[in-house]
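Chemist: Work the whole structure out from these sequences, hints included.
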Amino acid sequence: MLNNARQGILRGLVLMTLFSALIVAALGGINRLAASIQRVSAQPFATIEEARRHIGLAHITMPAYFPEGIAWPPSLLIGQKKPFPAFAMEFRKTGGSDIILIVAQYSGASDARTLQRVQLTAAQEETAYTIKKQPVQLQVGRCSTGAACSQMRWTSNDIQHTVLFVGSPLELIRIAESMIH
Amino acid sequence: MGTSWNAYALLSTYWGMYLVQIVLHSIIIAVLAECAIMAWRIRNPVSRQWLRVMVLTLPLVAFPVFQLISPDRGTIFFRMQSLLDSNRLLLPDLAGTVPMIAPLLFVLGLSAVIFVVQELIPVITNLVAHMRGAGDPLVKEPDPEMSLKIDQALAGLPVDRESIAVLDDDDLVLYSSTGGNPVIYISTGMIRQYDVDHLEGAFAHEVAHIRRSRRPLLIFAYILRTLMFFNPVAMIEFRRLAQEEEKACDDYAVSLTGKPLALAEAIGMLRPVPPSDAQEPQAAEIALEDYGHDILLKSRMLRLRDISSDISLWGIPHLATLAVFAGIAYYVV
Numbered sequence: 009m010l011n012n013a014r015q016g017i018l019r020g021l022v023l024m025t026l027f028s029a030l031i032v033a034a035l036g037g038i039n040r041l042a043a044s045i046q047r048v049s050a051q052p053f054a055t056i057e058e059a060r061r062h063i064g065l066a067h068i069t070m071p072a073y074f075p076e077g078i079a080w081p082p083s084l085l086i087g088q089k090k091p092f093p094a095f096a097m098e099f100r101k102t103g104g105s106d107i108i109l110i111v112a113q114y115s116g117a118s119d120a121r122t123l124q125r126v127q128l129t130a131a132q133e134e135t136a137y138t139i140k141k142q143p144v145q146l147q148v149g150r151c152s153t154g155a156a157c158s159q160m161r162w163t164s165n166d167i168q169h170t171v172l173f174v175g176s177p178l179e180l181i182r183i184a185e186s187m188i189h
Numbered sequence: 109m110g111t112s113w114n115a116y117a118l119l120s121t122y123w124g125m126y127l128v129q130i131v132l133h134s135i136i137i138a139v140l141a142e143c144a145i146m147a148w149r150i151r152n153p154v155s156r157q158w159l160r161v162m163v164l165t166l167p168l169v170a171f172p173v174f175q176l177i178s179p180d181r182g183t184i185f186f187r188m189q190s191l192l193d194s195n196r197l198l199l200p201d202l203a204g205t206v207p208m209i210a211p212l213l214f215v216l217g218l219s220a221v222i223f224v225v226q227e228l229i230p231v232i233t234n235l236v237a238h239m240r241g242a243g244d245p246l247v248k249e250p251d252p253e254m255s256l257k258i259d260q261a262l263a264g265l266p267v268d269r270e271s272i273a274v275l276d277d278d279d280l281v282l283y284s285s286t287g288g289n290p291v292i293y294i295s296t297g298m299i300r301q302y303d304v305d306h307l308e309g310a311f312a313h314e315v316a317h318i319r320r321s322r323r324p325l326l327i328f329a330y331i332l333r334t335l336m337f338f339n340p341v342a343m344i345e346f347r348r349l350a351q352e353e354e355k356a357c358d359d360y361a362v363s364l365t366g367k368p369l370a371l372a373e374a375i376g377m378l379r380p381v382p383p384s385d386a387q388e389p390q391a392a393e394i395a396l397e398d399y400g401h402d403i404l405l406k407s408r409m410l411r412l413r414d415i416s417s418d419i420s421l422w423g424i425p426h427l428a429t430l431a432v433f434a435g436i437a438y439y440v441v
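These protein sequence lines map, in sequence, to chains A and B.
Here my numbering runs 8 ahead of the position in the first sequence, where the first position is 1.
Here my numbering runs 108 ahead of the position in the second sequence, where the first position is 1.
Quick caveat, the hints were computed from the structure, so don't treat them as lab data.
All figures in this text were calculated on a predicted structure; none of them were measured in a lab.
Among the clues, some could well be false.
[To be verified] Stretch-level coverage of chain B by chain A, calculated; a stretch enters the list once three of its residues show a Cβ under 8 Å from a Cβ in chain A:
| id | stretch |
| --- | --- |
| 1 | 128-142 |
| 2 | 145-157 |
| 3 | 175-186 |
| 4 | 419-433 |
For glycine and all other residues, C-beta sits at the position ideal for the given N, C-alpha and C.
Modeler: Below you can see the structure in the form of structure tokens.
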């Protein structure tokens, strides 16, 4: 009787494991199929050129200046075409895993903060001024990771730019200056 | 683009994600419950009921718990690593205009309408009728032959003669009220058509309903179902839970009477008679309802004719189903 029960339970566990594997495979298949039919959510890209082709942003602006200690190439290129074109690059510390710089660009009046893994959550100081005749807004405060960080935002040719740097605001200004022409 | 953006905004809110994940998680746990029933060959209706209760409970609880464990579950970064990202299913446009969320909202709306029309209004109407004391007229003094049959049927059952009320109705009617003073209502038509063994089985089945109503699993399930009025999976599972209740009461009745075949025959006599050619054809809705009712009665009859008990499983199927659900549903956003 006890043996029957044990065998029954074991057989059930084996079958349940099999069924669960089938369900996982089915869900994964649906997920991939949906992504292949129409890409609406964000996806990672291998190169900036590939991202440019997929997303449809007129041009993707790269900083020409990087402070010391930032690893190249970017650790993540992520973008989306729908519901609005948006693109973000993540850079990490050399030899470390912490995100130190995020450069994001998106079109229209939408907010693409969802593409930023690290965000400025508490702005302690806000300053508006111009860089090469381009009005910009500088915010200094703390990021979602708890670290001190600063962020600069501006709009040019209907494209919103956000640069977030975990470090000195002076370095951030230099990064932004290298992006504005 | 505008519509898609609105859908994106809706699906990015806490409540939008909750709504979508309730439906997705319901489908997953409903499939897992069926898999558990197949894997462990579960026949016991009470054991099956607990699996159905899981289908009604877990989708409501899972999302808030998962969000508490991992507040970034809604982010793009989590979605990219997920097993199934609902946004990939719901945001694409149909023919370049309507996002796929539109058919989902239509189904949810339809479910809500069915809930109101088929479940909420009848419950309220019955409650009001019960409070007003409306219903079939009662027979104060059944004839001696009927009284004798009732007394013989009740002889071995834990129920008093005072708890039986006879309705003046030629149809086969049997139901019971619960609460402090439960009453079993039976029609004169049923007393005439059923023999003593059939009546004993029928009364024992109602005794089971009264006894089981003291642990009001169905009321708890109905509250959960009401909370998920928009969810078609909850609608189906609640109905199946109610069907399992009938089977659980059949088992209880057989444990009291020891006569499964008599109860099976009594149930068989309740099966709807198909309309003859000379009769007016039935409306599709009534025919469908009769068909569903007939299927349930037939499956109850078959169970009673081939009664067997499950091996002792110590709740392992339920724990395994819960564990698998938690593991899969966490990555379905």
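Chemist: Please go over all the hints and tell whether each is borne out by the structure.
Modeler: Hints and how they fare:
Only residues whose C-beta sits within less than 8 Å of a C-beta in chain A count toward coverage, and the stretch 128-142 of chain B has 3 of them, enough to reach three; the restraint holds. A count of 4 residues in the stretch 145-157 of chain B with a Cβ less than 8 Å from any Cβ of chain A is obtained; the coverage claim is therefore met, three being the minimum. Residues of the stretch 175-186 of chain B lying with their CB closer than 8 Å to a CB of chain A number 3, which satisfies the three-residue condition for coverage. For the stretch 419-433 of chain B, the stated coverage by chain A holds: 9 residues have a C-beta nearer than 8 Å to a C-beta of that chain, and at least 3 were required.
Checked against the numbered hints given earlier, the structure satisfies every one of them.
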